[in-house]
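S.K.: Sequence:
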Amino acid sequence: MNAAKQSPRMETDGTLRWYAGDTFTLTFNFVLKDTSGNIITPANTDTITVKFSDKDGNPIQDFSDTGTSSIDLAFTDAISAKFPEGIYRILVKYNGDNVTTLLKSNRVVVE
Numbered sequence: 001m002n003a004a005k006q007s008p009r010m011e012t013d014g015t016l017r018w019y020a021g022d023t024f025t026l027t028f029n030f031v032l033k034d035t036s037g038n039i040i041t042p043a044n045t046d047t048i049t050v051k052f053s054d055k056d057g058n059p060i061q062d063f064s065d066t067g068t069s070s071i072d073l074a075f076t077d078a079i080s081a082k083f084p085e086g087i088y089r090i091l092v093k094y095n096g097d098n099v100t101t102l103l104k105s106n107r108v109v110v111e
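Numbering of the sequence shown is given in the numbering used here, commencing with residue 1 and proceeding in unit increments.
The hints are simulated quantities; they were obtained by calculation from the structure and are not laboratory data. These numbers come from a predicted model, not from an experiment. Worth double-checking, as some hints may not be accurate.
Unchecked claim - Derived CB-CB ranges, DEER-like:
#, residue 1, residue 2, range
1, Thr68, Met1, 39 to 45 Å
2, Gly37, Asn2, 42 to 48 Å
3, Asn98, Gly21, 36 to 42 Å
4, Lys82, Thr15, 14 to 20 Å
5, Asn2, Thr101, 32 to 38 Å
6, Ile39, Met1, 45 to 51 Å
C-beta: ideal position from N, C-alpha, C; glycine also.
Construct the complete structure from the given sequences, taking the supplied hints into account.
M.R.: Have a look at this one:
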């Protein structure tokens, strides 16, 4: 008998994985620093956007939050249903004084 692995989980190669149909909340907490190494405190108007797309780049689901350097991704039944088994991509951008790409086309695998 094979036991299931933790779902969701981040693999050592940066791949985000979870099992199809699972519901969960995944939190990304980013420590943002300026060019001098000082921690950036987000302004009330700064946003973090997380975009999931399929392997061909077609949008699947977006999440965003404002005024914070962390974001909760709530995978409800309805959102989880958008992700059958397959390979996806994740893009994360921070939009403050500058637009900064935090994750670009990282691999997502739904098992």
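S.K.: Indicate, hint by hint, whether the structure satisfies it.
M.R.: Hint check results:
no.: 1; hint: Thr68 to Met1: 39 to 45 Å; verdict: 42 Å, holds
no.: 2; hint: Gly37 to Asn2: 42 to 48 Å; verdict: 45 Å, holds
no.: 3; hint: Asn98 to Gly21: 36 to 42 Å; verdict: 38 Å, holds
no.: 4; hint: Lys82 to Thr15: 14 to 20 Å; verdict: 19 Å, holds
no.: 5; hint: Asn2 to Thr101: 32 to 38 Å; verdict: 37 Å, holds
no.: 6; hint: Ile39 to Met1: 45 to 51 Å; verdict: 46 Å, holds
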